[in-house]
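Keeping their order, the protein sequence lines are chains G and L.
Letter 179 of the first sequence, counting from 1, is numbered 282 in this note's numbering, and no numbers are missing.
Letter 534 of the second sequence, counting from 1, is numbered 1421 in this note's numbering, and no numbers are missing.
Calculated directly from the structure, the hints in this document are not laboratory data.
Just so it is clear, CB atoms sit at the ideal spot from N, CA and C, and this is done for glycine as well.
Just to be clear, a hint being listed does not mean it is correct.
Pairwise CB distance ranges (calculated) [to be verified]:
{"id": "1", "chain 1": "G", "residue 1": "Leu-414", "chain 2": "L", "residue 2": "His-1714", "range": "32 to 38 Å"}
{"id": "2", "chain 1": "G", "residue 1": "Lys-530", "chain 2": "L", "residue 2": "Lys-1727", "range": "21 to 27 Å"}
{"id": "3", "chain 1": "G", "residue 1": "Ala-526", "chain 2": "L", "residue 2": "Leu-1734", "range": "48 to 54 Å"}
{"id": "4", "chain 1": "G", "residue 1": "Glu-418", "chain 2": "L", "residue 2": "Arg-1687", "range": "53 to 59 Å"}
{"id": "5", "chain 1": "L", "residue 1": "Val-1784", "chain 2": "G", "residue 2": "Gln-529", "range": "37 to 43 Å"}
{"id": "6", "chain 1": "G", "residue 1": "Lys-284", "chain 2": "L", "residue 2": "Pro-1726", "range": "34 to 40 Å"}
{"id": "7", "chain 1": "G", "residue 1": "Gln-149", "chain 2": "L", "residue 2": "His-1714", "range": "46 to 52 Å"}
{"id": "8", "chain 1": "L", "residue 1": "Lys-1727", "chain 2": "G", "residue 2": "Glu-124", "range": "33 to 39 Å"}
{"id": "9", "chain 1": "L", "residue 1": "Lys-1727", "chain 2": "G", "residue 2": "Gln-149", "range": "27 to 33 Å"}
{"id": "10", "chain 1": "G", "residue 1": "Glu-533", "chain 2": "L", "residue 2": "Cys-1735", "range": "27 to 33 Å"}
The following residues of chain G were derived to be distant from chain L, with all beta-carbon distances above 12 Å [claimed, not checked]:
{"id": "11", "residue": "Glu-125"}
{"id": "12", "residue": "Ser-182"}
{"id": "13", "residue": "Ser-227"}
{"id": "14", "residue": "Ser-231"}
{"id": "15", "residue": "Val-238"}
{"id": "16", "residue": "Glu-250"}
{"id": "17", "residue": "Gly-481"}
{"id": "18", "residue": "His-486"}
{"id": "19", "residue": "Leu-512"}
{"id": "20", "residue": "Glu-517"}
{"id": "21", "residue": "Ser-520"}
{"id": "22", "residue": "His-521"}
{"id": "23", "residue": "Ser-524"}
{"id": "24", "residue": "Leu-525"}
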Amino acid sequence: TSRRSRGGREKKKSPVLCIGEEQPKNWFTELQVLKGHFDIVRFLVQIDDFRCASAGDDGLVLVWNVETGERLQELRGHSQQITAMTTFTCENGPTSHTSLITASSDRSLSLWDPDTGNRVQTISDLQSSVKCLLVLERLCVWVSGGEELCVWNTDFQLQCQRQNQSDTELPKNCVAAAVDKEIVIYRLTVSTDSSMSLAEIHRLSDHQDRVRALINVSDGLFASGSHAGELILWDAIDWNILGYEHILWEESQACSQAEIRLAAPKPSESVHSHILAAVGSGLYVYSIRTKTVVAYKKVAHDSNVLHTMLLSDSELMSCSEDGSVRMWEIQDLPLPGEPASPGFFGMWTFGRSNKQTGLPSKKVADVPPHIRTLELTGDLIGHSGAVQMFASFGENGLLTCSTDHLLILWKNGERQSHLRSLALFQKLEENGGL
Amino acid sequence: MIGSPDVVAFTKEDEYGQTTPDPWALPEEFSVPLHPLVDSNPWAKTSYAKFTKDFILISEFSEQVGPQPLLTIPDEPKVCGTFDLNYFSLRIMSVDYQASFVGHPPGSGYPRLSFVEDSRVVLGDSKEGAFAYVHHLTLYDLEARGFVRPFCMAYVSADERKIMLQFRELSLRFSQASECLKAGNRRAFAKELQRKLRDLEYTHSVLQREEGLQREAGPQCMYSAHAVEKANELANVEKSIYEHRDLLRQICSYHHRPRRDPHAVTCQKLDEGEDEGGKRRPSYTPQLIKAKSPKCFDKRLKTLAELCDNTFYEATVELLKETERSFRGDLCYLHTRRLDKALRRKQRMTNFLFEEDLGDDDEDEGGTLRPFCAVNHAVDNFTLLSPPPIVLGPEPLELDALEPPDPLDPASGTSHTQESELGLVESHLESSPSDQTLETQGSSEETKGSFSSDKSGTGLAVRQQNVACMKSDAPDPDPDSDLTPDPDHNIDLERESSSEEIETTAGEDEGDGTPVSLLEVVSELEASREDECDGLTNGACEMQSDLLVPLDTACCMAQEGFLYEASAPEAVPRPGQSSHLQPCQTPVVNQEPQALLHLQDDYTVGSPSSQSPAAGLELPVELLGDADSRTSVGDGFDCTMSASTGSDRAASPLGYGGVVTLRQRKKAGQGALRFVRQYPFAMQALWCLLSGRTLVVLGADEGMVRRLVAALALFVPGPGKCGEKVQAWLSCPFTLTDLQRWKLIGLQRVASPVGSSMLYSLSRYSRYISILDADQKTLRCPSYRGQLLAKIADHRTYIRRGSTFFLHLQSTLCHLAAKAFLFTFTHHLHLPVSSTEGPKVVEGRRLCFLQEQLGLGEEDSQILLYLSQLITQQYLQPATGGRASATCFSFNYTTSVLYKI
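Given these sequences and hints, build the entire structure.
The structure is reproduced here in structure tokens:
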């Protein structure tokens, strides 16, 4: 049931998507390789505007300054690979302090102070290793999910527990947990003596295959994606299906290898209108408003997409096992009547979908009037292994982590150059001349 | 490379006859004779000399065979060619050796050691085409006449001006060498004295015992001739013991004497152990000293190495070798190199880009000279302890002497000439008073000092003295010999020196005085010889002389007299009053060429620089400056990454483990020239390197790839001290980290599966690299259409010599670095001038500066921007901790094209 239990993949025979060397929109013109891990780096968590934590199979958690590329802290304590990591901000009085919670295969959970590098709390000898972590900041508790669902308070005291797999936070103190093909809704109730209890209140079994992704879209919506490529948009209040999309990828691998990954802007961020689904090596942008896929790229990468992110309403980014990070832009088709000139799109979008017309796919056949295209605006090549995850720091840059044990900090060369120039004149002034 | 010593412009005859000196005119140092002799190299002033290169000669005035050369540095027979070393030794040794003396000074009971300061003399022999800086020194030898052995070290060159202009430095370096020798000699001498004392004490005890036996034998024996003889012998031994003890005390008091020689350097930590030498003396079996004199000509004189503890001797030779190396090349070359260095010191900010490492020269800048000779200083001759290294350092006095003129003093610039001239004269005067310890000598020393200093300036006086000395040192004193110098010889001398007008006139000025002194000298000498003979016939005297091995006190006395008398007629030349001296001083270095004046302005950003604008005027004294001295280190080549196939590794000097030296770079210049001439797309390749795009040289033949890499490495900005940014030979696929680290990579082309992964990495990272295929002769890189590099990458260039090309491109790169420096540190190109200005305005200004003021196109601007980035990073490095900022790797997304031959 682990996400990691993916078998070897056969090589895609699809033509390589190549943008070429001229990438005027790609402003990542400087990079810095950050070394420190000894094994696959799988997780990146942004701590604040300039710090990021990375964790991976070596059990190490490293805290980086993304402005300078400096390694600030080395959090050692886990003896096995990290399976989940999240930040935990608890507002105690005027100042809020961000901590890191990590879960590891050594069946322990740890709370770290990223400022000092100290392990503040730790729980070991769990019955099973934790697969996912969810922080309920309103209640100042956090939830760990593995074979069981546990609720913890800030002091690492177990509040209550249930069998579970993966979870997402829902309104009314509900937690949705994906258990195989079903989504189980729990309600967390806090009694007057501040003890908590967890009660299963609903079970959604509309997915045909194992639920792989579960995200919170907004206060009233959440979405789930299954292994078979189903995307379901749920009402978070009454658990109704608001939209159902079955994204079919290549027939050859329909059942076995592909998986769905979902990404949506954080609920707090602006107006959310899109859900980004990665199915296999393809990318699909699902509009919440129209309840349809508005743009997609069936073969966005040479290999499975491992992480995606919507940077804005029109920009998105994806990374893949092929070792690259790609930046996309959702563009309106210049002429809706002529979907594409073959030279421009190549044979990999419409050409391929034409072949599939006979299949029970509704997506490509009935093209909605305002379908848009997903244009590759740039790619970042640097890692020599699968890019596991990335974290964006806005204009400060982008941090990627990979199977090749490295992290790469991608930056805007021009901006960095300007910053260095500022630093130079500052130092010049401090030194009183050369 | 700021200056190009190889490139010297021709002077052109001015048709209109300039009246005012043109500040832009070439200084005389760089000029070429207008009408050079037919068939001669206008630059070769050495054409008529019998030797090809400058060399250092060490000679001795042997009491047995007279002046003789001991060794030359470099120690190769071809160095001096047909040059007659024996004759030249005669010339240089006959100048000054009598300046030192030992003997019974009037009113003193015991023989006195004089702590003779060295004397420095420049003399020339225009017939031989040889000029020399001659440094005289005396070493102590218990067995030598008067305890002293006169030696001299000479720097022999065919170029008189070179010697005159380098006088101060030569003097400094030879003083160090001399001090090293003398320190070793004092040790050895003290050891010898101690041993001798033990012998004497032993002899004394033996004699006492014999006397005691005699006394026991009875009073009748007391007054027998034999007994009297024994008693005399005993008395003599006792006297001798006192004398030797006194000598030992004197030599040990060496360091307590005052020194006034500003050129003198001290050899620290050398003589510390000597005082306790007597206590620690290892087992030495004393020997009975026979009351019989060894024949003067029978005994074997100690060699120089024996005279000075061997380690000190070797250290001295090392010092001299170093000196010889650092003075290689003609005056113009030396000059330019120093200029270059002086200027480079001011451009510390950009030196890392294209200049080779200046090494430890920083240390000399303050005027301190710190040669470290790794001499093992053993407190004891017989047991080698772990010794502290000998540190040669100038005395504080020296510091003052070398201090550059006060930059804040406005007068210093203009009065510099005069000041240094005076300073030099003064130092001459001070350098020569030869004996500071003998309070009885006061006035005579003054005159003596002036005497030798005078000699250093006036050639003819020296020669006449030479003649005098040669006469006086003739082995058999012939009373009938000419008392005046051989007229023919004299004429000859006149003719010789005709080229040096000054000296001739100077000689004429003194014309009257000299013969008189010569007469006196010779008569004095004869008197002394007679005395000596008398002494030898005298029995008692003989006894004494026998016990005290040096016999020639009387002779020495006479010589002292000679010196005194000889120098008497010549007044102490005061800088101001001695008119004939003044012109003689002019050749001595006191002014750099005027060309320097234009270069003295420092770049100032913000506050004015603290560096003295006149610093350039000071000849920086270099010690380890010559890159050649580091060659051996540089050749060491280690490449951990490479699976070498065993072909010539020496093809490339680059790699980890060695400092890249100037010589290697010059050698690479040949390769660069070949590259530029051979490949029409050389310009594009150079642009890649200069704009920071990693260039991969792909090839199957390791030697070829290495050679190419070595040549191209010249164009890698900021290659690192040991060429860290260059990987000469790589036979495994590279990664992104490698690209970040290396800017030039030699990559092995393999046909095996390894090759395919290599090709994969090549194509994967193709956006970050340019690929020069050495086998197919292609280059894949972004297109370059700029003009900036046309000058250095012109494949129709007329430059044929690699080193010339190297200098040519060094000057271009230096120019680039200067522009980049200007760009980096010009405030308004990076920051808004007023608060209303947005970043766009600043950017526009920056573009305008690059395009219009510097006239650079887009691609040329990239070079400058990259260099500027490097300078910025270098400048910020210490503050930001270095590691993080240094590993940034910038690139841009542009299309590459394939260039073919």
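For each hint, the structure was consulted:
1. G:Leu-414 x L:His-1714: 32 to 38 Å: Since G:Leu-414 and L:His-1714 have Cβ atoms about 35 Å apart, the given range 32 to 38 Å holds.
2. G:Lys-530 x L:Lys-1727: 21 to 27 Å: This hint holds: roughly 25 Å between Cβ atoms.
3. G:Ala-526 x L:Leu-1734: 48 to 54 Å: 22 Å, violated
4. G:Glu-418 x L:Arg-1687: 53 to 59 Å: 58 Å, holds
5. L:Val-1784 x G:Gln-529: 37 to 43 Å: Taking Cβ atoms as reference, L:Val-1784 and G:Gln-529 lie about 41 Å apart, which means the hint holds.
6. G:Lys-284 x L:Pro-1726: 34 to 40 Å: Roughly 55 Å apart at Cβ, these two residues miss the hinted range, so it is violated.
7. G:Gln-149 x L:His-1714: 46 to 52 Å: 36 Å Cβ-Cβ, so the 46 to 52 Å window is violated.
8. L:Lys-1727 x G:Glu-124: 33 to 39 Å: About 27 Å separates the Cβ atoms of L:Lys-1727 and G:Glu-124, which means 33 to 39 Å is violated.
9. L:Lys-1727 x G:Gln-149: 27 to 33 Å: 31 Å, holds
10. G:Glu-533 x L:Cys-1735: 27 to 33 Å: Taking Cβ atoms as reference, G:Glu-533 and L:Cys-1735 lie about 29 Å apart, which means the hint holds.
11. Glu-125: Per Cβ check, G:Glu-125 is inside 12 Å of chain L; nearest 5 Å; violated.
12. Ser-182: It holds; G:Ser-182 is separated from chain L by about 28 Å at its closest Cβ, greater than 12 Å.
13. Ser-227: 35 Å, holds
14. Ser-231: 38 Å, holds
15. Val-238: Given a closest Cβ separation of 31 Å, the condition holds.
16. Glu-250: G:Glu-250 clear of chain L: closest Cβ-Cβ about 39 Å, beyond 12 Å.
17. Gly-481: 7 Å, violated
18. His-486: Violated, since 8 Å does not exceed 12 Å.
19. Leu-512: The claim breaks: G:Leu-512 does not keep its Cβ more than 12 Å from every Cβ of chain L (closest is about 9 Å).
20. Glu-517: 9 Å, violated
21. Ser-520: 6 Å, violated
22. His-521: Violated, because the least Cβ-Cβ distance between G:His-521 and chain L comes to about 7 Å, which does not exceed 12 Å.
23. Ser-524: The claim is violated: G:Ser-524 sits with its nearest Cβ about 4 Å from chain L, within 12 Å.
24. Leu-525: G:Leu-525 is in fact no farther than 12 Å from some Cβ atom of chain L, at 7 Å.
Of the numbered hints listed earlier, those contradicted by the structure are 3, 6, 7, 8, 11, 17, 18, 19, 20, 21, 22, 23, 24.
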